[in-house]
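Go ahead and model the full structure; you've got the sequences and the hints to work with.
Number of protein chains: 2
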Amino acid sequence: MAAESGKSWVLAVTAQTPTNIAVIKYWGKRDEELILPINDSISVTLDPDHLCTTTSVAVSPAFTHDRMWLNGKEVSLSGGRYQNCLRELRSRASDVEDEQKGIKITKKDWEKLHVHIVSYNNFPTAAGLASSAAGLACLVFSLAKLMNVKDDHSRLSAIARQGSGSACRSLYGGFVKWIMGKEENGSDSIAVQLADEKHWDDLVIIIAVVSSRQKETSSTSGMRETVETSMLIEHRAKEVVPKRIVKMEEAIKNRDFPAFARLTCADSNQFHAVCLDTSPPIFYMNDTSHRIISCVEKWNRSEGTPQVAYTFDAGPNAVLISHNRKAAALLLQRLLFYFPPQADADLNSYVIGDKTILQDAGIQNMKDIDTLTPPPEVKDNTQTQKYRGDVSYFICTRPGRGPVVLTDESRSLINPETGLPK
Amino acid sequence: MAAESGKSWVLAVTAQTPTNIAVIKYWGKRDEELILPINDSISVTLDPDHLCTTTSVAVSPAFTHDRMWLNGKEVSLSGGRYQNCLRELRSRASDVEDEQKGIKITKKDWEKLHVHIVSYNNFPTAAGLASSAAGLACLVFSLAKLMNVKDDHSRLSAIARQGSGSACRSLYGGFVKWIMGKEENGSDSIAVQLADEKHWDDLVIIIAVVSSRQKETSSTSGMRETVETSMLIEHRAKEVVPKRIVKMEEAIKNRDFPAFARLTCADSNQFHAVCLDTSPPIFYMNDTSHRIISCVEKWNRSEGTPQVAYTFDAGPNAVLISHNRKAAALLLQRLLFYFPPQADADLNSYVIGDKTILQDAGIQNMKDIDTLTPPPEVKDNTQTQKYRGDVSYFICTRPGRGPVVLTDESRSLINPETGLPK
Numbered sequence: 001m002a003a004e005s006g007k008s009w010v011l012a013v014t015a016q017t018p019t020n021i022a023v024i025k026y027w028g029k030r031d032e033e034l035i036l037p038i039n040d041s042i043s044v045t046l047d048p049d050h051l052c053t054t055t056s057v058a059v060s061p062a063f064t065h066d067r068m069w070l071n072g073k074e075v076s077l078s079g080g081r082y083q084n085c086l087r088e089l090r091s092r093a094s095d096v097e098d099e100q101k102g103i104k105i106t107k108k109d110w111e112k113l114h115v116h117i118v119s120y121n122n123f124p125t126a127a128g129l130a131s132s133a134a135g136l137a138c139l140v141f142s143l144a145k146l147m148n149v150k151d152d153h154s155r156l157s158a159i160a161r162q163g164s165g166s167a168c169r170s171l172y173g174g175f176v177k178w179i180m181g182k183e184e185n186g187s188d189s190i191a192v193q194l195a196d197e198k199h200w201d202d203l204v205i206i207i208a209v210v211s212s213r214q215k216e217t218s219s220t221s222g223m224r225e226t227v228e229t230s231m232l233i234e235h236r237a238k239e240v241v242p243k244r245i246v247k248m249e250e251a252i253k254n255r256d257f258p259a260f261a262r263l264t265c266a267d268s269n270q271f272h273a274v275c276l277d278t279s280p281p282i283f284y285m286n287d288t289s290h291r292i293i294s295c296v297e298k299w300n301r302s303e304g305t306p307q308v309a310y311t312f313d314a315g316p317n318a319v320l321i322s323h324n325r326k327a328a329a330l331l332l333q334r335l336l337f338y339f340p341p342q343a344d345a346d347l348n349s350y351v352i353g354d355k356t357i358l359q360d361a362g363i364q365n366m367k368d369i370d371t372l373t374p375p376p377e378v379k380d381n382t383q384t385q386k387y388r389g390d391v392s393y394f395i396c397t398r399p400g401r402g403p404v405v406l407t408d409e410s411r412s413l414i415n416p417e418t419g420l421p422k
Numbered sequence: 001m002a003a004e005s006g007k008s009w010v011l012a013v014t015a016q017t018p019t020n021i022a023v024i025k026y027w028g029k030r031d032e033e034l035i036l037p038i039n040d041s042i043s044v045t046l047d048p049d050h051l052c053t054t055t056s057v058a059v060s061p062a063f064t065h066d067r068m069w070l071n072g073k074e075v076s077l078s079g080g081r082y083q084n085c086l087r088e089l090r091s092r093a094s095d096v097e098d099e100q101k102g103i104k105i106t107k108k109d110w111e112k113l114h115v116h117i118v119s120y121n122n123f124p125t126a127a128g129l130a131s132s133a134a135g136l137a138c139l140v141f142s143l144a145k146l147m148n149v150k151d152d153h154s155r156l157s158a159i160a161r162q163g164s165g166s167a168c169r170s171l172y173g174g175f176v177k178w179i180m181g182k183e184e185n186g187s188d189s190i191a192v193q194l195a196d197e198k199h200w201d202d203l204v205i206i207i208a209v210v211s212s213r214q215k216e217t218s219s220t221s222g223m224r225e226t227v228e229t230s231m232l233i234e235h236r237a238k239e240v241v242p243k244r245i246v247k248m249e250e251a252i253k254n255r256d257f258p259a260f261a262r263l264t265c266a267d268s269n270q271f272h273a274v275c276l277d278t279s280p281p282i283f284y285m286n287d288t289s290h291r292i293i294s295c296v297e298k299w300n301r302s303e304g305t306p307q308v309a310y311t312f313d314a315g316p317n318a319v320l321i322s323h324n325r326k327a328a329a330l331l332l333q334r335l336l337f338y339f340p341p342q343a344d345a346d347l348n349s350y351v352i353g354d355k356t357i358l359q360d361a362g363i364q365n366m367k368d369i370d371t372l373t374p375p376p377e378v379k380d381n382t383q384t385q386k387y388r389g390d391v392s393y394f395i396c397t398r399p400g401r402g403p404v405v406l407t408d409e410s411r412s413l414i415n416p417e418t419g420l421p422k
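If you read the sequences in order, they're chains W and F. The opening position of the first sequence corresponds to residue 1 in full-length UniProt numbering, with each subsequent residue numbered one higher. The opening position of the second sequence corresponds to residue 1 in full-length UniProt numbering, with each subsequent residue numbered one higher.
Which copy is meant is left open, because identical chains are indistinguishable; a pair holds if it fits in one copy or across any two.
Derived lysine-lysine pairs resembling DSSO-like cross-links, with alpha carbons at most 27 Å apart: (1) K238 - K29; (2) K298 - K29; (3) K182 - K243; (4) K386 - K355; (5) K253 - K326; (6) K29 - K182.
By construction, these hints were calculated from the structure, which means they are not laboratory data.
This is the structure:
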């Protein structure tokens, strides 16, 4: 197992994996165990500079069992989903040799060796920003590198899928399709890249992290209940989504923003519609989400062509995809007009991520927010009410790259001597 | 026209018509002009003691044109919907003779005679409580009596339908079905009574009038946009509703409250789902509506069988139908726990209608509300937050009777001398 037997060693790999936001939504499984969806979905990968998971994985003969730490806290790996991923990866592991360290691991060794996994999100886990998608994708990607799994990203996506459905879409940058597949064993339920992040690099994404006091239904139980009780979900999955997938692929290919925006908004709304058609009904959007939609819809209508698309996952946060930087700056002005920060807030932590959008919007300090005028499309004075404090913060970002290995050892989250979190 | 020619006269009729709440929803027209729906609907008529329209109509040779006053203010009758109703009624008018007053009007006279219409709601028009349904039904019913229209209530319902779709269901008490019909001219799109109000007299209805700062989409334009843009509405209308109608008729016939409640809640949620699936999306329910649903769903689940059904029309107000008085009292305790009145409110105007429900709930004064304990089904302390001021007031009522003529002349809204509002 080790070239110099008797001497212990730790072999580690660190990787960074993006999160993603679906523009054609995944909602409903046809197989709960294998996580096979009832329709294709399409997502945009978000820039990992602003939203990503970093995971270090290590193997050592000294490890007595598989262990995982998430955001500084040890978590159990006993869940079926983690176990499925680990089992799949071990079965695909290959020989690994590190001559420098004098380490040699054979394909067979992986069955007995244990791993340590240390994972951090660069954004609040609780914010409902698809942390499990990035997390599971990163776990699978980094372990695959450690174990010298030779499968391509699509094959890896089928493993990540078994950890968390939408995780499979985080194996690629840019624009990604999760093909639902037909096989009972799920082998063809994989992600493929439609276009990389450079294909359409005008897009700017602003996420409104919405304050919520409601306890939300988990997406796992939510989508199960929808499949079991909604009278509309089957029609959506079988009749509506397949046509939208074709149109969305076309819109992405042609960088056709009006079509992209219309499909994105319609599909987000329909996803929330089938949630509402569930018994008991599931509400993920709240009054703040509704107000953000109204603001965007009104502006898009007044411009005659969409400037911004909105989409909401299983929570009240708005993900707003702007046609370009100019539209993003105008959007941010509108958002800050309606949702100014609390008086004691710090602008620097109220708008995070790519701060150049804030500059483009002409906002340098809190006073600039107070002096914002109502959007010109608002003619009615009753629509200029402000909702201070209803948004926790904004993240400015863009479509981004897929997973990467971080070779700089200083970025490893694992102590190379102890094999424990740094 | 008048027996003693030269002398003017005023002939008046006063009627009272209930409002109704749909338990299988009407949403979408197949003919905008004739107001023909895309699916059958079923409603419960609400007790006119608590929610109704009173309308006095009068005819006089001295009247120079048709005029109408609604809640003390003159309104225009020029709209196509009013005109359709008036034309239909005039074409069906018969001879009228009042020997005592020496009045004789022939069928032909009605073409030239003008009418005055004076209408009052006994509840706030702006509260979003289907005032147009009761109003149009009362206009048609009272004019039909004045003009001696010999059609039965179902034929009258087809006239009221052309004024406001759901008005046709207010021509009967109890439980009412609006049959969508097949004819192009709408002649078979009529309301029929499924059962009168005595058939199931255990039911108690509590309406939560929810404060709303949002400007709502009118149901006329809302349903048009849904039909034009929702990918789910056709499936709802053609596949889902017809089965629900059969089951709902069965549930009403058998006084099967669990089935009635499940169908009512599911159909309300589905109606709001197709609104959300509209482009741009329509939101009628707000966070308060969602909280009321959550409260009811949690309680129903903890009891193992539904105690209360909820349904929401084109606005945030909750209509809560309780199995019986006991369930209604327990419901009112829960509602008042979560939605206590403002400190300066008067209990007497915060819970209106049938006050005996308040007595059954053991609430005599504002202090009794403050001392209400969290519902036993709530185990989680985060779910005991109160939302003071989010409900404007509650109305306690029950299923009620259909339209009646008020023979007591003191209840007429029209001055018998001038033919103008009293």
